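Assemble the whole structure, with the sequences as input and the hints as a guide.
Per the UniProt record's numbering, the sequence shown starts with residue 1, numbered consecutively.
Simulated from the structure, these hints should not be mistaken for laboratory data.
If you're wondering where the values come from, they're calculated on a predicted model, not measured in any experiment.
No residue lacks a Cβ here, since even glycine has one placed at the ideal position from N, Cα and C.
Hints should not be assumed to be uniformly reliable.
Computed list of lysine-lysine pairs in DSS-like fashion (alpha-carbon distance at most 25 Å, straight line) [unchecked claim]:
{"hint": "1", "residue 1": "Lys-831", "residue 2": "Lys-645"}
{"hint": "2", "residue 1": "Lys-33", "residue 2": "Lys-231"}
{"hint": "3", "residue 1": "Lys-831", "residue 2": "Lys-716"}
{"hint": "4", "residue 1": "Lys-489", "residue 2": "Lys-443"}
{"hint": "5", "residue 1": "Lys-443", "residue 2": "Lys-744"}
Simulated restraints on C-beta separations [unchecked claim]:
{"hint": "6", "residue 1": "Asn-488", "residue 2": "Tyr-748", "range": "42 to 48 Å"}
{"hint": "7", "residue 1": "Tyr-419", "residue 2": "Pro-618", "range": "51 to 57 Å"}
{"hint": "8", "residue 1": "Asn-584", "residue 2": "Lys-744", "range": "26 to 32 Å"}
{"hint": "9", "residue 1": "Ser-799", "residue 2": "Lys-33", "range": "45 to 51 Å"}
{"hint": "10", "residue 1": "Thr-205", "residue 2": "Lys-231", "range": "43 to 49 Å"}
{"hint": "11", "residue 1": "Lys-744", "residue 2": "Trp-209", "range": "28 to 34 Å"}
{"hint": "12", "residue 1": "Cys-648", "residue 2": "Asn-64", "range": "47 to 53 Å"}
{"hint": "13", "residue 1": "Glu-683", "residue 2": "Arg-594", "range": "23 to 29 Å"}
{"hint": "14", "residue 1": "Asp-619", "residue 2": "Lys-744", "range": "52 to 58 Å"}
{"hint": "15", "residue 1": "Met-746", "residue 2": "Val-606", "range": "33 to 39 Å"}
{"hint": "16", "residue 1": "Thr-418", "residue 2": "Asn-684", "range": "57 to 63 Å"}
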Amino acid sequence: MEDKSQSEVVTIKEPIKITKSGESTDVEPLKLKVYQKRWLMLIIYIIYAGTNASQWIEYSIITNIITRYYGVSSMMVHWTSMSFLAFYAMFIIPASYMTDKYGLRWTIIIGAGLNCLGSWIKTLSIQPDRFYLTFIGHSIVALAQTMVLPLPGRLAAQWFPPNQLSTATSLGIFGTQLGVALGFLLGPIIVKNHKNLDDIGKDLTRLCWIVAIVCTIAFGLVLTLFQNEPKLPPSETRALQKMNRTKKREEFMGPIKRLCRNKNYIMLCNSYGLNVGVLNVVSTLLNQIFLAHFENGEEDAGRIGLALILTGMAGSISFGIILDKTHKFKQTAVTVYFLTLCGQILFAVFTCMGIKWMVYVSAIFLGYFMSGYLAMGYDLCTEYTYPESENISAGLLNITTSIYGIILIISLESLMNTYGDIPVHIGLCLALLLGFILTAITKNEQRRQDARKKAQYYGVSSMMVDWTSMLFLAIYAVFIFPASYVTNKCGLRWTIIIGAGLNCLGSWIKILSVQPDRFYVVFIGHSIVALAQTLVLPLPGRLAAQWFPSTQLSTATSLGIFGNQVGIALGFLLGPVIVKNHNNLDDIGKDLSRLCWIVAIVGTIVLVLVLTLFQNEPDLPPSETRALQKMNRTEKKEEFVEPIKRLCRNKNYIMLCNSYGLNIGVLNAVSTLLNQIFLAHFENGEEDAGRIGLALTLTGMAGSISFGFILDKTHKFKQTAVMVYFLTLCGQILFAVFTCMGIKWMVYVSATFLGYFMSGYLALGYDLCTEYTYPESENIPAGLLYITSNIYGIILIISLESLMNTYGDIPVHIGLCLALLLGFILTAITKDEQRRQDARKKVQYEEIARIEKNDDVPESNQLTYSIT
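Spelled out as C-alpha cells, the structure:
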C-alpha cells in the first residue's frame, strides 16, 4: 500500500541476493515505512541548529562595539567565531563516535544541553572585565556545534524516503543558516554603538538573555519530543545500510581509513572546505570590510550578512529540490561553484567602489550560491561515500571548513590590518578559484567517452591538421617585423597589394593539393596565405587613423576587424557545410576541391579590387592627432628599430600585449580544438561544431562593432576592457561547463555569449594599443601586439591538445579558463592611459586659448585637416 503524498507509506520490497554455490539464499523481505512524524523531527532539529548557529557570529558582526566595551583587540573578538571552527576540528571525531554509538537522540540532547549551558554562562559576562566569561560560554556553545553540523544527512537518511533526501538535507542546513541570519540581524539591531559603555552593557545583556531563553526552549523540545529513528527504515538504501552494519561490526576507525583512501571524497573535502571557509571569513570580517568603505555602517553590515544567509537558505532548498529531481550532482556543483566565484568578485568590486546598493545586490547573489552550496556539499559527500555512516563523512568534511576558515581568517585579518581590504578580497577570490578547479576536476560518476576525430582523407594525425591553423600564428611571429617595415616604407596601398597577391597565390596552390598523398601541397599553399596575414592583421588601426576623424576612429577600427571576423565565420561555416565525412575518400576529395575553388575565385576578385580601387591615404589628414603624427615624423626621421625600442619600454603596452595575447591565444585554441572538444561529448557533431564556431565569430562581429561605437561615444577604454574581459572569462567557464554536461542548446547559448565578448575584444585591443602607444605608427605596435597572441596561441594549442589526448577535455577547459583569469588580472592592474585622446584635447585647448587671446599663429604651425 502506498500513499502518494508519502505522509504514511508502507512498502514491502523483495531483495535480490547474489550468492556462491551452496550458500543459503533465504532472505527476508525488506519492510519500509515513511512516517508522518519525520517532519516534526526535522522541525525540532532546525530549531536546535538555529539556536546554536545564531551565536557563531554574535560578537564578530559588532566587532567595533565589542572591542570598545571589553577593551580587547579585534583578533580576540574574531576568536569567538573562530572557536567554533577550532573546537569542531578538535572534537568532531569523538562527537561522531558518540553519534555512531548512541544514536541521534542522545547526540542532540547533549548538544542542546551544552548549547543552553553556554548561552546562560554568557549572561554572566556583561562587565567590561569579564571577556574571559564570554569566551568560556562561547567555547561551550562551540563544542555543542560538533553535535549539530554533521547531522542533516543522517537525519534525512534515517527518516526520509529516497525522493526527499536532498530536500530534507537542505532543510536541515536551512536551520543552521537561519540561525546565522538571526545572528547577523539581532546583534547590530539590539546592540548600538553608544558613547556610554553602560548603555552598551544593557544592550548586550538584553541580547544574551534573549538567546539563553530561546536555547532553553529548544532544549525542552529536544528532551520531550525528539526520537532517535523510526522502527522501520524509510528506504531500501537505509535498510541495506543497517543490514550491512548489523552483519559487519567493525572498529570506528575502519570507515575513517576508507574515507582517507577515497580520492573523490578528499577532493570534495578541499573544495567544500575552501567554499565554506571563505563564507566563514566573509561573515567574520564583514564588519571590518564594510566599515573600511562606509563609515558608521554597523547596521548595514548586519543587514548584508543577513542578506547573504537568507538568500543562501533559499539556495539550499532550491538546490536540494533540483538534485532530487535531476540527480545531476557534479554538474550542479560546478555551476554553483562558478557562480559563487562570480558573486565574490562582484561583491569585492562594488565594496571597493563604495556603491552601497550594489553591495547589497552582489551580497544577495553571492549568498544564494555560496550559502546554497552548503547543502549540496552534504549531498555530494553522501554520494561519494555510501554506504559509510553519514555523520562520520559529514563530520570529517566539516573539519576542512574549520581548518581553512581559521587559516584564512588569521592570515587575511593580518593582511587587512597591514595593507587594507583589497588583498583580503583578492585572497578570497583566489581561494574560491582553487575550489572551483578542484570541483571541476573531481571525477564524475558517469564515465565520459573520449571520441576524438582523426583526420581521415590525408591519413595524417590531428596535430598535423591543427598545424595548418598554427601556421598562421608561427609565420606571423617570424615575419611581422619585415611586414611592418614594408608598411612603414611603402605605405598602405602597396602593403595590401602584396598581401592580396600572396593570398590569391596560396589559395590557387591549394587547388592542386586535392589528392590523399598531397598534404605537403596543402601545407605550402597554407604557408603562403599565412604569410599574407602578416600584411593584413596590423592594418585596421592605421587605416582608421589615415582616413577617419577622431569621432569615428574606434568604430572604423572595429569595422576593419569585422572583415577578419567575417572571414573566420565563413571558414567555420563553409568547411562543415561543403565537406562531409563520407565513407568514400573520393567523395571527400570532390568536396575539398569544391571548397578550394570557391576560396581561390573569391581571393582573385579581392586582388582585382585592391589593384584598381584602393588608395594609400587622403591629401589632407582627417584629424588633429593624424596631422600631429605626420608633422612629428616629418620633423624627426628615425630608423625603423627606434619605435620598437620605445614600445619595449612602455609598461602599459607590455601589459596589454600579454593580456591581449592571452585572450586571442585562447580564442585561437578554442577555434582550433573546437572539433575535438565538441566531439568528445557529441557523436557525429561535425556540423554542430562548425555552427558553434560560426556563432562564436558572428556574435564577436556584433561585439566588435558595438564596442567600437561605445568607445567613440564614451572614450572609457580601460573600464570597457576590464568589463569585457571579465565577461569573456565568465563565458568561457559557462561554455566549458555546458559542454562537459552535454547540454547542446546551452553550448550554443554560452558560445554566443562567449563570442560576443571574446571576439569582440579584438577591436578593443587595437584601440587600447593605439591609446597606449600614440604617436607611434599604428601598424608597428599592432603588429607586435599580435606576436604575443600567436605565441600564446601556439603554446596553448600544443600543450592543451597533448593534455586532451592524455586526460580528456576537462584539463583543456581548465587551462583556457586559467589563461583568461591571468589576462583579466593583467587588464585590471594596467594603468589607465589615453595618449591619443590627451593629444587631441591638448590641441583643442591650445586652439581655444589662441582664439580667446586673438593670437595669430604662423601658417606653418597651423594644423590643416579635412573630413571628406
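Hints, one by one, checked against the model:
no.	hint	in the structure
1	Lys-831 to Lys-645	holds (20 Å)
2	Lys-33 to Lys-231	holds (8 Å)
3	Lys-831 to Lys-716	holds (13 Å)
4	Lys-489 to Lys-443	violated (57 Å)
5	Lys-443 to Lys-744	holds (21 Å)
6	Asn-488 to Tyr-748: 42 to 48 Å	holds (43 Å)
7	Tyr-419 to Pro-618: 51 to 57 Å	holds (53 Å)
8	Asn-584 to Lys-744: 26 to 32 Å	holds (29 Å)
9	Ser-799 to Lys-33: 45 to 51 Å	violated (57 Å)
10	Thr-205 to Lys-231: 43 to 49 Å	holds (46 Å)
11	Lys-744 to Trp-209: 28 to 34 Å	violated (59 Å)
12	Cys-648 to Asn-64: 47 to 53 Å	holds (50 Å)
13	Glu-683 to Arg-594: 23 to 29 Å	holds (26 Å)
14	Asp-619 to Lys-744: 52 to 58 Å	holds (55 Å)
15	Met-746 to Val-606: 33 to 39 Å	holds (38 Å)
16	Thr-418 to Asn-684: 57 to 63 Å	holds (58 Å)
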